[in-house]
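Asks: Residue strings, one per chain:
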Amino acid sequence: MSSGDVSRALRRVAHEILERNKGASDLVVLGIPTRGVALADRLVAVMAEVEGRDVPSGALDITMHRDDLRRNPIRAIEHTVIPAPGIDDKTVVLVDDVLFSGRTVRAAMDALSEIGRPRAVRLAVLVDRGHRDLPIRADYVGKNLPTSRSERVQVCLSEHDGLDEVRISGGER
Amino acid sequence: MKRHLLSMNDLDRQDILAILDTAESMQDVQRREVKKLPTLRGRTVVNMFFEDSTRTRSSFEIAGKWLSADMINISGKGSSTSKGESLRDTVRTVAAMGVDGFVIRHSASGSAQQVSEWVDAVVINAGDGLHEHPTQALLDAYSMRRRLGDLAGLQVAMVGDLTHSRVFRSNLICLKSLGARVTVVAPPTLMPAGVDAWAAAEGFDTSYDLDAVLPTMDAVMMLRVQRERMSGGFFPTAREYTVGYGLTRERLRALQKHTVICHPGPMNRGLEIAADAADAAQSLVLDQVSAGVAVRMSVLYHLFAGEGSLA
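Protein sequence lines correspond, in order, to chains B and F. In terms of the working numbering, the first sequence opens at residue 8 and continues consecutively. In terms of the working numbering, the second sequence opens at residue 680 and continues consecutively.
Derived from the structure by calculation, the hints contain no laboratory data. Virtual Cβ for every residue (Gly too), placed ideally from N, Cα, C. Careful, some of the hints might be misleading.
Reference listing, derived: stretches of chain B covered by chain F, where coverage requires no fewer than 3 residues with Cβ under 8 Å from a Cβ of chain F [as the list claims (entries may be wrong)]:
id : region
1  : 29-36
2  : 67-74
List of simulated lysine-lysine pairs, DSS-like, C-alpha gap at most 25 Å [what the hints assert, rightly or not]:
id : chain 1 : residue 1 : chain 2 : residue 2
3  : B       : Lys97     : B       : Lys29
4  : F       : Lys714    : B       : Lys97
5  : F       : Lys681    : F       : Lys744
6  : B       : Lys97     : F       : Lys715
7  : F       : Lys762    : F       : Lys744
8  : F       : Lys855    : F       : Lys681
Chain F stretches covered by chain B per the calculated footprint, using a threshold of three residues with CB under 8 Å from any CB of chain B [to be verified]:
id : region
9  : 695-701
10 : 970-984
Kindly produce the complete structure, drawing on both the sequences and the hints.
Replies: Set out below in structure tokens:
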């Protein structure tokens, strides 16, 4: 995906979220660090443009809820930032860059349940690459990218990597 | 990071910063309605305290519980040690029950190190005699950093009973790693033997004149006069100690506006620290206590959450 593809996909996703939610009321957009936070910020920027009002956004660190902590070296913990009105009775849209096994999203739902009780939780991702381990699906998808398990999907965003791009690398075809 | 936390020397600068950064996130958890994280579910950690303690023991216990570890308390009194069982037998007995870690406080210097050689579990030193108390140094650094920012280049004074202070020894190593300049102040009788050679080797300053030191400091750490270890005639009277080395109301006025005051607790109000100083806006004493839980959560996370941490 080129930088144009990324921004078009994000604009469409932002519109879809607003359409499904019938506007921006009671919406909270939470990004999953690190790239999900940048995506969440971009989504709310588009929504603000369309609706003419700010949509609360934040970050949700899920490190402490991962189920693979014991299999990996210690990870640094990112900050969780919940916008002031909280998430109780709101529609929370979780945002991540790539949806793969679904384990990150599972951890994010656990993390959310400790912060409050949203009315609904939706999932928006830039890339859905398939190969789910858990019964989880995305509500809003930037692009479906069929891959093999051995391939790597790399999402680059200008906030972190200097340019917008999605690449598939590695893997035997 | 090493497997155990026995001394501040087990942590390099990178490790210290990682622990302090994680503690920042843990402090967010402290303010939440539900304070429980599932991270250490299924881990069992034993708090073994052979010396009296309020804040260290309870903050380790709270820290462990908030991370969903099972925390068990064993104190010297009321355990089999009072029937004459040796430390080695006691810890090996408990280790044989399959625990993952020990948090240990004991009056013998080097006891945590010894325990780490006797058992397979992870050992955290929560104060061993006159030797070290690493988590206290970490929470002091954390509290100071929150108020003052990066500690590199800051002037920190440690004042009081240096000879008997494990807090002093751990802080010295920690502050040096973080780049602060330390000045130690004590009456000659409470300066550790051979301090001059030590100061030259480790790069800290010594002074016997508190009033000369105070005006240039960014942080002043008052150490407790340990009455239980004061049988050796180190100073003539408590009053005389206060006049020479207590943080009195007059000395409080001599501090710069931004200078912070730390005390590891428990405080002897009116002896090493006046009530005015302990309760001043510049005082970090209560910040240190709440930081204690966040920093200990962070330490438990770094020692128990990752791969290879299981014995």
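Asks: Under the constraints set out in the numbered hints, which ones does this structure not fulfil?
Replies: 1, 7
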